[in-house]
Amino acid sequence: MSQADPSGLGRARAVGFVLPGLVLIGVFLVFPALWTIYLGLTDYRLTGLAAADPQVVGVDNYTTALGDERFRNSLWLTLQYVLGSAVIGQAVLGFAIAWVLRNRPGPVKRITEGLVLLAWILPSSVVAFLWIALLDRDDGTLNTLLHTPGFAWLLDYPMLSIIVFNVWRGTAFSMMLYGAALENVPPSHLETARLAGASTLQQLRDVVFPRIKGHVLTNLLLISLWTFNDFTSFQLTAGGPEGRSEILPVYIYNVALSGGQLGFGAAISFLVLLINLVFAFVYLRLLRDRRKVVVP
Amino acid sequence: MISLSGLTKEFPGGVRAVDSLDLEIGDGEFFALLGPSGCGKTTLLRSIAGLETPTSGKIRISGNDVTALPPGRRNVAMVFQDYALFPHMDVTSNIAYPLRIKKVSRSRREARAAETASRLSLSELLARRPGQLSGGQQQRVALARAIASHPQVFLFDEPLSNLDARLRLEARTFLKRLQRELAVTTVFVTHDQGEALALADRIAVMNAGRIMQVGTPSEVFHRPIGTFVAGFIGSTPMNLLPASAEGGRLHVAGAVLPLPGDIADGPLVYGLRPEYADLSQSAPTGRRDVFSGKVAVVENLGAAHLVTLDSGDLLIQVVVPEGDEPAVGAPAWAVPRTGRALLYRDDRLLTVA
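Line by line, the protein sequences are chains A and B. The numbering of the first sequence is the UniProt record's numbering, which starts it at 1 and goes up by one. The numbering of the second sequence is the UniProt record's numbering, which starts it at 1 and goes up by one.
Be aware that a few hints might be false.
Result set (DSSO-like, lysine-lysine): computed pairs, CA atoms no more than 30 Å apart in a straight line [unchecked claim]: (1) A:213 / A:109; (2) A:213 / B:103; (3) B:102 / A:213; (4) B:102 / B:58; (5) B:102 / B:176.
Worth flagging that the hints you see were computed from the coordinates, not collected in a lab. The structure displayed is predicted, hence computed values, not measured ones.
Turn these sequences into a full structure, and let the hints guide you.
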């Protein structure tokens, strides 16, 4: 059997197996993506004249977006959201939980992991409802606990609320990933550092992070992409009040579907796609540089 | 000097890895903890390092009670079985790592690393990463890291077991000479009795969390205090045969031997190393102090053969010089050398026969 054909199917049958998948990807991924690029160049609207007969307007949508205060504000909020809830919140908290739990005996570890995991696997509409009940102005659990009746968390601190919410919601993934990564750190390496007198921070710096660098990068790539495109916060604040928690996915929804400007929304979706690609590119580049160093 | 008193380590679930153990290890001594796996020797070593917290008991190093001190403040260095070299650091940084933690300046710690490396013939390899080193080189780097911090005590966990057989002998000689030169108190753990005999000044033979015997290699080899130590020490296992003393005679496996002095009648265990018997292929005339049997197995040991005799329902092993090995199935007689057999009663050494 030749190297080029390890499965021994032959070219025709191999294509036959792959084709259904390719067709599905084409119909549901590639075509909509291309269609979005096309829509972004038109003044297509949900209703009215432009809905019946959209006109190609070139890069008008893009120049409008880049000049739009609301878009730039939304981009800035999204960066806060990604940095605050994903990079700082989920990654740091997830690592901390994994580190603290790594040597714990069975029940403590299982119960904590179970609770954290529960926040991750519940449907987002259920979770959003729970948080609205928690943060509600009049009868909210938090106000009852803190004895601050009438405090409107979602109105006064909308960004903080959705950041904390997303940390709570998404930490499980980082915790599990780092938990698995920490099992790759040989105990004898940590013990060597302890015998040398290294503090916990020095152990993390000298032994743990050099070992799990790849896991850290993969984790940051995934959670920042997910958070960048996360729409769950819409169910808490709908972007409000006055756009103060209007991150990009919410902005696109508000503009394209509520506002009816489908062409403009498509253009912004394409910008979001480009930003995501930049993220992915940077992370993958870092990962590749690292591999080059490790393999001499 | 290391002194342990009443040291006990009980793991959750009630396993007593170390059971109220007392031990003194002298300054500059090369000390072996020897025993089968699960006997508690590694737990004991890790307790001295501070990596395990004893359930009760005291550990003193040079007179100071270190029982409650964290590992980093005990001034001990440990070499792990897997060497535990940091893969992202080159050899210099690995050797200098403990000094870096102790905030020694870069120039001084690099000088110390280079000096230690040259002593262990690692000078050529200073810029390499552990992944680019052979097993023997990795072990020397791990040793260099332990030496460079000038600890009071070295702890080695199975220091030779990750090397292949030929390298192991070389490393053994090297390790012994190094320890002599440095004259630092060294405790090492091994399950290989040959390694313990070859390296150590004194050996503690352990079983089930307790020390069975402490002594020089010669003492534990020639005067094993009980049948466990007798069976554990020696490259070929000792023959331990049921015997009985009757009317001033010793009856063992069909042979009748003279009984030394003041031993009361009753059951005994007769211990004889296969090296301390001679094999005769013709019946010794008129002698009753020999074991007769049929050759069951002949194992080649290189310069000698290990012959297993089938003597009734007992097996007796004898080491035979090369060229003298009998044919399988032939009758043969094992003649014990006088003054070499050990007599045990209630698992305690009585005397030498």
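Now the hints, each set against the structure:
Proposed proximity of residue 213 (chain A) and residue 109 (chain A) is supported: the alpha carbons are some 24 Å apart, at most 30 Å. A threshold of 30 Å between alpha carbons decides the hint, and for residue 213 (chain A) with residue 103 (chain B) the separation of about 25 Å falls inside it, so the pair holds. With a C-alpha separation of about 25 Å, the suggested pairing of residue 102 (chain B) with residue 213 (chain A) holds against the 30 Å cut-off. A hinted pair counts as satisfied when its Cα atoms are at most 30 Å apart, and residue 102 (chain B) with residue 58 (chain B) qualifies at roughly 27 Å.
The hinted pair formed by residue 102 (chain B) and residue 176 (chain B) meets the criterion: a straight-line CA distance of about 28 Å does not exceed 30 Å.
Violated hints are absent here; each numbered hint is respected by the structure.
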